[in-house]
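K.L.:
Taken in sequence, the protein lines are chains A and B.
If you use the numbering used here, the first sequence corresponds to residues 1 to 382, in order.
If you use the numbering used here, the second sequence corresponds to residues 1 to 130, in order.
One thing to keep in mind: the hints can contain errors.
When the alpha-carbon atoms are kept at most 16 Å apart in a straight line, the in silico EDC-like pairs for lysine to aspartate or glutamate are as follows [unchecked claim]:
no.	chain 1	residue 1	chain 2	residue 2
1	A	Lys307	B	Glu128
2	B	Lys10	B	Glu128
3	A	Lys156	A	Glu235
4	A	Lys341	B	Asp85
5	A	Lys309	B	Asp85
To be clear about the criterion: a stretch of chain B counts as covered by chain A if any three or more of its residues have a C-beta under 8 Å from a C-beta of chain A, and this derived list gives those stretches [unchecked claim]:
no.	region
6	33-43
7	56-65
To be clear, the hints were calculated from the coordinates, so they are not data collected in a lab.
No residue lacks a Cβ here, since even glycine has one placed at the ideal position from N, Cα and C.
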Amino acid sequence: MPKTIFFERHETAGATMTDFGGWHMPLYYSGIIDEHLYTRAKAGLFDLCHMGRIGIWGKEWQAFLDYVLPANITAAEPGRVLYSFLLNPKGGVIDDVTAYVAEDYGMLVVNAANREKDLQWIRDQLPRFPGVTVEDWSDALAMLAVQGPNSDNVMKHFLGRTFSSLQYYTFRELDSASVPAGMMRTGSPPGAGRVPFFLYSATGYTGEHGYEIYCEPNTALSLWDTVLAHAEELEVRPIGLGARDSLRLEAAMPLYGHELTEETTPLEAGLTRFAGLEKQTEFIGKAALLKQQTEGVRRTLVGLEMKDKGPVPRHGYIVKNASGENIGTVTSGVYAPSLQKNIAFAYVHPDFSRVGTEVKIEIRNRLFPAQVVKRPFYRRSS
Amino acid sequence: MSSNTIRFSKTHEWARRDGDQIVVGITNYAVDQLNREIVFVELPEVGKNVKQGETFGVIEAVKTASDLYAPMSGEIIESNMLVSDNPNLVAEDPEGAGWLIKIGPSDWSEWEQLLDSEEYQTYIQSEEHH
């Protein structure tokens, strides 16, 4: 089981570890609910090295990404981050990704469990674009995140005056000379000439203000140590995957393998604005999505809130209507610490997708009332 | 607490003898395994009959739902309503105020099949080394 460069630090901090996407990762350090609430109130530091980073450049690299993603890459200003998908020809989701558009390269950040599958899929599309190079940057670039209201202070602590705040879904790249505690690259990692030294974006998976950071691995270790050495004054703590999941669910962000699979489309997932239906150029899956738009979806993703304090709705539980007919399935559910309610994502028949619709969730042969609610479940105040 | 009046199951329930009843809860060790974050407890109705080793309820932490197993056969005399209303009471005081049910045992010979305090300690140490 692979471990990230932070593994010893997680062990030293007494983290309870779990296997996720084929990686040995911290589930929690002090407790899931505790870490969840701390991230919302202060700031959390996340090891995200298990995710995949894929670099793409060369002649027509933008046109290539425009062909494999519904996002409009050619039209994007350099410095933008776009949420998008790798789609199969049926419009099903191979993975959901964030696409970083730089002047002369692109970077896709993909889910841990899909790294190999995605790389293979992307490379399979290359013959039409002989000038494009695709390279796995996952080892050359570490990945972490700072999320929560104190994020700017945490970033400033490490970057000093180099730091500047960013607009949501934009990024900034820094060279080794402008990162105060930056380490020189040792040896020549793959893509050494192209791979960014330090890049941070105003993105995340928590619903809070914050940043995702990609950098040379020794610099990442230095950031982790420097920040956590001042954890009390900066009010920042390391956060495990348990809280990452409850944070993303409250923020109504989908998780691959749950809300998104190769059998579900962005239209069904309520992510039509990322589906590229207005895009002029051809991309894989476009025809299927346009057809589905005309014909309508047969199921749609909804947010459910349990009416009473009771059992937690979980992946795979059946959703029923008032007359007891099956109308759908829960894809993720959690006790939401910031709302103190049980919430879930579920795919249901479109007739039951309107906000306010009353449904029931079957849990251990008993039915519990729930209601379709507006997403996100949680929205930060500032 | 005298070691004669408390016994343990390998599924991490404790049973305390109280006259002709037993009080049942989950152990401190079990609560640690659930990271002391209990979000829901489902307990049986009073009057229901349970069998030793069979499920009498469910306890849910953030990430997991786990069955609760009856340490002895018998009738449910009481379910702790305080725990149903405030599941975290189990995390705060699992071997005291966070008790779960009272059973009127139908076969006291089952008591002898349970582990005593020392045996339970040995058992969880061996479990931890796996």
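K.L.:
For each hint, tell me whether it holds in the structure or not.
P.N.:
Cross-check of the supplied hints:
{"no.": "1", "hint": "A:Lys307 - B:Glu128", "verdict": "39 Å, violated"}
{"no.": "2", "hint": "B:Lys10 - B:Glu128", "verdict": "13 Å, holds"}
{"no.": "3", "hint": "A:Lys156 - A:Glu235", "verdict": "13 Å, holds"}
{"no.": "4", "hint": "A:Lys341 - B:Asp85", "verdict": "14 Å, holds"}
{"no.": "5", "hint": "A:Lys309 - B:Asp85", "verdict": "8 Å, holds"}
{"no.": "6", "hint": "33-43", "verdict": "holds (count 6)"}
{"no.": "7", "hint": "56-65", "verdict": "holds (count 5)"}
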